[in-house]
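Number of protein chains: 6
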Amino acid sequence: MSSDNKRMWIRDLQPGTKIEESYVVRSKDVRQRRGGGPYLAATLGDKTGEVAALVWENVEEIGKLLDAGVVVTVKGQVQRYNNRLQVVIRRVAKVPQNQIDETLYVRSSSEDVDILWQRLTTLIEEVQNQHLRQLLFRVISEPEVADLLRVAPAARGMHHAFRTGLLEHTVSMATMGRQLAAHYSLDADLVVAGCVLHDLGKIWELDISSSIEYTDEGRLLGHLTLEVLFVDRLIAEMDAFPDEIRRQLLHILLAHHGRYEYGSPRRPKTPEALLVHMVDLLDSQMAGMLEAINADGDSEAAWSPYSKILDRFIYRRKL
Amino acid sequence: MSSDNKRMWIRDLQPGTKIEESYVVRSKDVRQRRGGGPYLAATLGDKTGEVAALVWENVEEIGKLLDAGVVVTVKGQVQRYNNRLQVVIRRVAKVPQNQIDETLYVRSSSEDVDILWQRLTTLIEEVQNQHLRQLLFRVISEPEVADLLRVAPAARGMHHAFRTGLLEHTVSMATMGRQLAAHYSLDADLVVAGCVLHDLGKIWELDISSSIEYTDEGRLLGHLTLEVLFVDRLIAEMDAFPDEIRRQLLHILLAHHGRYEYGSPRRPKTPEALLVHMVDLLDSQMAGMLEAINADGDSEAAWSPYSKILDRFIYRRKL
Amino acid sequence: MSSDNKRMWIRDLQPGTKIEESYVVRSKDVRQRRGGGPYLAATLGDKTGEVAALVWENVEEIGKLLDAGVVVTVKGQVQRYNNRLQVVIRRVAKVPQNQIDETLYVRSSSEDVDILWQRLTTLIEEVQNQHLRQLLFRVISEPEVADLLRVAPAARGMHHAFRTGLLEHTVSMATMGRQLAAHYSLDADLVVAGCVLHDLGKIWELDISSSIEYTDEGRLLGHLTLEVLFVDRLIAEMDAFPDEIRRQLLHILLAHHGRYEYGSPRRPKTPEALLVHMVDLLDSQMAGMLEAINADGDSEAAWSPYSKILDRFIYRRKL
Amino acid sequence: MSSDNKRMWIRDLQPGTKIEESYVVRSKDVRQRRGGGPYLAATLGDKTGEVAALVWENVEEIGKLLDAGVVVTVKGQVQRYNNRLQVVIRRVAKVPQNQIDETLYVRSSSEDVDILWQRLTTLIEEVQNQHLRQLLFRVISEPEVADLLRVAPAARGMHHAFRTGLLEHTVSMATMGRQLAAHYSLDADLVVAGCVLHDLGKIWELDISSSIEYTDEGRLLGHLTLEVLFVDRLIAEMDAFPDEIRRQLLHILLAHHGRYEYGSPRRPKTPEALLVHMVDLLDSQMAGMLEAINADGDSEAAWSPYSKILDRFIYRRKL
Amino acid sequence: MSSDNKRMWIRDLQPGTKIEESYVVRSKDVRQRRGGGPYLAATLGDKTGEVAALVWENVEEIGKLLDAGVVVTVKGQVQRYNNRLQVVIRRVAKVPQNQIDETLYVRSSSEDVDILWQRLTTLIEEVQNQHLRQLLFRVISEPEVADLLRVAPAARGMHHAFRTGLLEHTVSMATMGRQLAAHYSLDADLVVAGCVLHDLGKIWELDISSSIEYTDEGRLLGHLTLEVLFVDRLIAEMDAFPDEIRRQLLHILLAHHGRYEYGSPRRPKTPEALLVHMVDLLDSQMAGMLEAINADGDSEAAWSPYSKILDRFIYRRKL
Amino acid sequence: MSSDNKRMWIRDLQPGTKIEESYVVRSKDVRQRRGGGPYLAATLGDKTGEVAALVWENVEEIGKLLDAGVVVTVKGQVQRYNNRLQVVIRRVAKVPQNQIDETLYVRSSSEDVDILWQRLTTLIEEVQNQHLRQLLFRVISEPEVADLLRVAPAARGMHHAFRTGLLEHTVSMATMGRQLAAHYSLDADLVVAGCVLHDLGKIWELDISSSIEYTDEGRLLGHLTLEVLFVDRLIAEMDAFPDEIRRQLLHILLAHHGRYEYGSPRRPKTPEALLVHMVDLLDSQMAGMLEAINADGDSEAAWSPYSKILDRFIYRRKL
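Residue numbers (the working numbering), protein chains in the order written: chain A, 3 to 321; chain B, 3 to 321; chain C, 3 to 321; chain D, 3 to 321; chain E, 3 to 321; chain F, 3 to 321.
Errors might be hidden in some of the hints.
One copy or any two copies: either way a pair holds, since identical chains are not told apart in the list.
Capping the alpha-carbon separation at 25 Å, the derived lysine to aspartate or glutamate pairs in DMTMM-like fashion look like this [to be verified]:
id: 1; residue 1: Lys8; residue 2: Glu22
id: 2; residue 1: Lys20; residue 2: Asp313
id: 3; residue 1: Lys320; residue 2: Asp218
id: 4; residue 1: Lys320; residue 2: Asp245
id: 5; residue 1: Lys20; residue 2: Glu62
id: 6; residue 1: Lys320; residue 2: Asp209
id: 7; residue 1: Lys49; residue 2: Glu23
id: 8; residue 1: Lys320; residue 2: Glu128
id: 9; residue 1: Lys320; residue 2: Glu239
id: 10; residue 1: Lys77; residue 2: Asp116
id: 11; residue 1: Lys66; residue 2: Glu146
id: 12; residue 1: Lys320; residue 2: Asp241
I should point out that these hints are in silico values taken from the structure, not numbers from a laboratory.
Input sequences plus hints: build the corresponding full structure.
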C-alpha cells in the first residue's frame, strides 16, 4: 500500500494506468458469464470517489476476499468503457485491520475537523447564559460525544452524508443562528444551544464505518428522542438548572423539524424554536443543492444531476 | 347547599322550579341591555350537564361573584325559552373552598374509579415479565401518578374528555390489548405495558380543575415526550432493566399515534407497537362515536349531533 | 413426476442435487447470449417458494414449452451462484392438464382449509338474528361461493396474497369482531355478518390460477360493489328481510375501507361499521407485518425485508 | 292567499308595503327581549327568495304557528333596517295542507320542467343501441322515477340545489356529452346513458319538501350505490342485456366522481367513463360559478359573494 | 381636531374620559333596539388601535355620517363594559378631505419610512453588478414605485399587514439575504435584487386607504406576475441587459413562494432563488410570530392570541 | 438512402429482412461482451416507431458514428429475439446535415399540419371582438410563432408528446371551447383566444429536434410565464387594446392549470377561465387515455399498457 501523499486516489485514475492500491469495497455482485461460470462486478471507493471494478479470473478465490465494507489492496488495470472508467482486477489482498486508516476511505467533509471543533468551542464560549454555556460544555466533554461528533455524518443520503458532516452542519447552523437571532432581537444563547444540540442524537442514530447505516436504536427511537433523553439526563445532574430554560430548550429540540409530517412531535411555539427550525431547513436544503451542483466534474452542463432532496434538477450556470 | 342525594342536578331541572343549589360557573359574559346598563349571561354546570343562566338585577354585585371556575350557590327560577331551559338568577353566594366537593361539578367517567383502578392492578399483576411488571407497579406507585391518574381526562375534547377518562381509556385498551396479543401470538406483556403507559404523560399535559386545559409543559413538550422522559428515568433507577426491553417499550410509546402527521416521531416497527397503536385508534374513535350517540337525550332522532372527532353525523337506530 | 410426499419441494433444494420434478413456470425471459444466440431465464415455483432457472441448450425447443402459468416437469441440476440457488435445466416436458394438482404449485394459507371452513360455519351458527344467520348460510351455500371462497386470496400482493388467504382473513376478522363487539356492547350479529361479507366480492375480483390477477369485472366494478350487488340480490329473494337490517348491513360493506381515499364510497356511520373497518385495518396491517417478519429464513437479521404495505422495515427481535 | 299572478313575491317587496301573503317558514328563533319576555326572529321564503321577519307582539301565540317548513299566511309591514328589508309580523294563519301549492315556495330551476323532460326524451330516442335505449326508457317510465326526477335537486347546497335541479343538470350534461363523444369518436350511446343515470340515485338520496335534506338511505348508502342497485335490477329483468354493456355502464356510474377522495369506488378506466366524469365536473363547477355570479342583485360589484363550491370569489365584469 | 402630539390616541383611552377627537370608521352596523328603533354599533380606529363605539341617540342623522373608511370627529364618553372599553357617541362631524392626515389613522410600521428608504438605497448601492444595480435604481425611481413602496403593506392579514409593511419586509430580507449569500458564497447581487423585487407587485395588488383590500388587477393577475411584467418591461428598455441575468432574476421572482401550492409557477432551481425563498419564509413567519406575541398588551399571559399564519398559539415567556 | 415512398419504415420491418436505410439514433449504450471487449446496444427510430439494434463488430469505429440525436444510414439485418425485433448492424454512415429531412424521424401528429393550421385560422376569423381577433392574428403572424407552432409538441411525455402535438391540442381545444361557450352563454371570443394562447409558451419551453427536451428558458421560466410576457408585449404595441380585455385574457393564461399545485399562480375566477381550464384538462386526459389505448398493436388485450398521466390501465374493449 502506497503512502498517503502518493496514493492513487480514485479521482486521479486514468485509462491505461496499472494500479496497486488499497480501497474499500462498497458493493460486490456475482454475475453470470455467458460462456459458463460467474464473474464479479464490484464498486471500489476511497474518500475521493468511487469506481467500477470487474474480476474475470480467479473469481471464486478473489470473491472470498471482496466483501462490502472490507478494505483490500487491489492489483489491476484501468480501462475506459462507455465513457466511464473501470478497473479490471487481477489480484486482491486483504489489508490487516490494524493497518487500516479509515479516514482514507470514507467521503468526508471538505473542512478540517479541528478547525470546525475550534469554531464550535468558540460559539459555546460566547454563550452568555451560564446554565446553557455550562450545559453545552458538559455535552461536548462527554467522551462519547467528543469522539463521535468529530466523525458522524448528518444524514444517510440527503445532505452532509459524509464523515464529519454533522459537525460541519452544526457549526454552519450555529453561526447563522447567532447572526439571525441578533437580526430579530431573540435570545441568541437559546438559539445557539438549540443549533448545537438539534441533531446531536445522530451520533447514536447513524453508524459510519465504511458506509452510513442506521443503528437499531436509531430506527426504534430516532435522533430527536435520543438527544432529548441525553440532554435531560445531563440537566438533571446539574445544579439548579432553571426549569424554564430546560423546557424551552427541550421544546426547540422536539420542534426542530418544524412539522409533524417531518417527524417533530411538536411544532415551533417560540421565536427561538422557529428560528432553529428555519436555519436547519435552510442549511440542509442549501447543502443538498450545492452538493448536487458539485456532484460531477462536468463543468459544462447547465443542469446538475437529479437532486433527490429537492426533487429537481439544479441550474448551475453562474453569472 | 343540599346534601348530595337531594341535590338539584342540572339534568333534572324543570321549567318553573325554584332552585337554591351550588354549581360551578363555566363561563360568564357581560352584555349590553338595550335600555341602558349591562346584564349577565352565564353558564352553570355540575357533573350531569350545563344550563344557561341570566342576571337582570344587581348585575354589578353578582358579577363580582360569578367567575369562570368558581363554585357558587345560586338562588333563582328555571324558565323555558326557545325550547331550552335557563335559570334567572336572583342571588349568588360563594361556596367556601373547604366546603367544595369538586367531584360534584365536573363531568366524570360513568365507571367507578376504584373498580377501574382494581382492574388496572389486575392487568399489571398478570404481566409475566418481571421487569415490565415491576416497572408498571413502580409507575402507579409514584405518588403523583397515583393521584393524578385517578382524575385525569384522556383529552380536551375529542373522546374521554372528562374526569377519570384517562384511566377508563387505559383499562379498556389494556383489556383489549391482552386479548388481541393472544389472537396474534404477540408478546402480551409488552402490549399491556404499552397500553398502560401510552398516554400517561397526559396527567402532566392536561390540567383538570373546573375545565380541562393544557399546561405550559404540555404544550411545549407534549404527553408523549413527558411519559418517555418519566419512564426512562424510572428504568434508569431499576436494577438491570434489559436494554432490549427498554427500547422496545419506549418505541411503543413514541409510535403509538401511528403516523408522523398525528404527532408520533416514530411509526410502529414492531407488531406490539402496531397493536398498541391500532387499539388506541379503535378505542378513541369508538368512544368518540358512542359519546356522540349518547350526546343528547332525544332518543327519537335517527342521527346524532355532529361528531367532531369523526367529522360526521352518526346513525343511532338499533336493530 | 414424484408422488406428493416425496416431492422435491423448492424450499428443500440443495446445491448439486439433480432433480426431476414438476413446477409451475412463473415467468420466462429470452435473453441474448453474448457469443451468439439466445438463452432462457425463467422462474419456477411451487407452493413452498420460487427458484431461478436457466436454459443454455435446446433453447428454441424448450422455450416453446416454458410459458408463464404452465406446469412442466423439469430435469436438471441445482447450482449456487451469488449466494442464491439456480436450476440449470436440461430437459422439460409439459404435464397433461388432467394430471395437474394445482394445490402443489400455488402459495397457500398455512391453516387447513377445512378447519377454517368449520370455524366460519360455527361463527355463523352463533349469529342470533335469524335474518342475518339465514342470509349468511345462503351466501356460503351458493355453489360459486362455496367453491371460490375456499381458494380465493385476499389480495394481489399486500397481505393474505395466497390461496385460501381470503378465508383465513375472514375467519380471523369475524373471531375478533365478535370479541370486540362484546367489549363495546355492540350488535355482534351485524359485526360478524359484516366481517364475513366485507371482502366476499374478491372471489370475483381476483383470479387465482398459477398467479393472482385481477379479472376484468374486478377492475371495472371492484369487490365492494360486486358483493353489494350479490348480497342485495340474495336479500331480495328472502322472505321479509327487514329493510333496516338490509341498509345497515350494506352500509357496513360500503364503508369497510373507512375512508374515501381507500375506495369506500361511504365512511362508517354506525358503531358496527366502524368496528368492521377497524378490525379489517388491524388484520390486514398485522398480517402484512407478520408476513414481512417471516419473509426470509434468515433468523439472525434484526430487520425484515422492506414491507410494501407498511412502507417500512420491521424489527423482528423478540424479547 | 292571493292568486298566483298577483302574489307579493319576496323579490318584489318594498319598504313600507303592508302585506298579507303566504310564505314558507324557513327558520324560527326565539330570542330574549331585554325588557323582559321573548320575541321571534324568523325567515320567510318563497321561490323568489328569502326575507327576515320579526314578531314583537303575541309572541307565544304566533310562535306556535311558525315552524320551520310550515306554510303560513302572514299579515304585517315591510321595513328597511341596516340596508336590508324585514317584515314586522302582526298576524299569522296556517294554510291548510290541501290548499298549498308547493311550487310557490321552493327555489326552482329557471327552466320549464316539461321542456326539460322533452329534451331528455329526445336525447334517449337518439340512442342507437337498442339495449341502452330500452333501458333508459324503462328507467324514466318507472313511476317513482317519473315523479321524483321532475322535482329532485342535484345537491343540497353546492350547485343545482333547487327543485328540478337534477333534471336540469342531467339534460345539460347529456347534451354536452353527445357533442363531445362525437369530437373524440367515442360511443355516444354509452356516454348519454351514463349522463342520464349518473346522479339518478339522488332522487332517493335527497328529500325536497320545503328544504333539501338527506334521507337515511341516502346517508347510509349514497346516490351512487342506490342507482347502481336500481339499474342492475332493471337490467336483470330485461331480455339478453349484454354483459359487456352492463359492466361498462355500471363502471361509468361507479367512476363518475373521478377520484376516490370524491367518493367514487372506481376511477374512470374507459374513455366514456372519463368523459362522463369530466362533463359532470364541468357542469357542476360552471353552475356553481354562474350561481355565485347571479347570487345577489347588486350588478355593480365586480366580485361575487364567496362561492363555497369553488372556494373563491368570482369576477363578474363582462367585456 | 387636536394637534398630533396632544391627540387622544386609542391606546391611551381610559374609562370615564370625555373625548372629542378624529378617528377613522372601520366598520358600522345598524342593529335593532328592543324597545323599537335602531341603534348603531361601530368600530373606530387610529394607527394605535381600535375601539368599539355605540350610538343610542340621533341614530338616523349620525348614521349618515358614519361609514366604513370615513374620518370623523367624534364627541362622546369612554365606558368599560365586560372588561372592554367602548365609546358612547353623542355627536359626529365629518372631517374635510383636505384636512385629513391619513398617517394618523392606519396601522403603520414602527420603523421610520425615511430610514427604511435610506437603508434600501444603501443596499442597492452596494450591488456590484452594474446591470442589476442600474435596474434596481430605475425601479425605485419610477414615480409610481417611489410613491407606493413607501406606504404599501406586505399582506392583507398574515404579516406586515400595515402601512409601510412591504418596505420594512423588503429591507429586512435584503439585509439578511446579503449576510447569508456571503455565508454560502453565492451571488449576493442576485440575492439582494431578488429580495428587493420579490414582492414589488404588491404595490399594485393591494390597495391601502383606510383598510387593506385586493385590487381587481391583484386578484386576477397576482403580485408575482405584476412584478415580472414590470421588471421585464424595464429590462427591455435598458441597454444590453444580459439575457442570462434576466432569466435568473425573473426565475427568482417566479420561484420565491418556493412551492406550487403556495402559488409559485416555478420552484427554486438556483441557490440564489432558494435563498430568497427561504429568507422570505423566515421573515414572514417570524414577523407573524412576533406580531402575535405583541398582539395584546396583557404581558402576564404565557400564551399569545391564536396566530392564524402559524395556526397555533405562541409561548411568550422570556428567559 | 431510399426515397420517401420506398422507405423501410420501422413499423414495416420483418424478421430476416436485410436493410439499408436512414434512421435517427435515439439512444446508445456501450456494454461489456463477456468474452472480452465491448459491444453496442442502440435504439433506432423514425416517425413510425422504434427498434433495438446491436453492433457486434467494428464496435469502436461504429461507436464513433452512433450518437443520440444523429441521423445515420444503417446496413444490417432484422432478427426476432424474445418476441421482439432487433437489427444487427454491420455498417453505419452519417447522413450529411443538409440531406436530412427531419420530418421522417420524429413521431408526429396523425393530422395534417396544413389542415390544422387552416382550422386554426378559421377559428380566429370567427372571433367577433376585433381586439382579440387582431391580437390572435398578430400572434400567429410572428415569424417565430408561425414556424414553431407548426412543429412543437404539447408536452415531453404525458400527451400530445410529438411533432405538431401542440397545434393539434390547440385546435381541438378551441373547437370544443367555442361549442361549450355557446352552451353556457359565455364570451366565446375570450374562450377561443384563451384556448389558442394557453400553451403557446411551449414553443419556447420545449425543444424538438430528434427528441423532446426542455430548454433552459423553459425550465427557469415555464411556458405559462413565457406566453404571458409575449402576449403582454404584443398588446403593448397595439392601439388602444382595452385594459379590461387584457387582464381577463392574461388571467385565463395564468389560471389555465386550474390549481396552484399544477403550477398555476392564479385559480380560475371567471367563467371563461374556468372553461378554458376544464377543456384543457379534458383534452389532455382524453388524449393521454386514447394514446394508451393505441399504444401497442396487440388488439386482443383487454387492457392497455400502464398510462402514466392517468396512473392506471385502460380498458379498451369496445361494445
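(message) Hint by hint, where does the structure go against what was stated? Just the numbers, ascending.
(response) 2, 10 and 11
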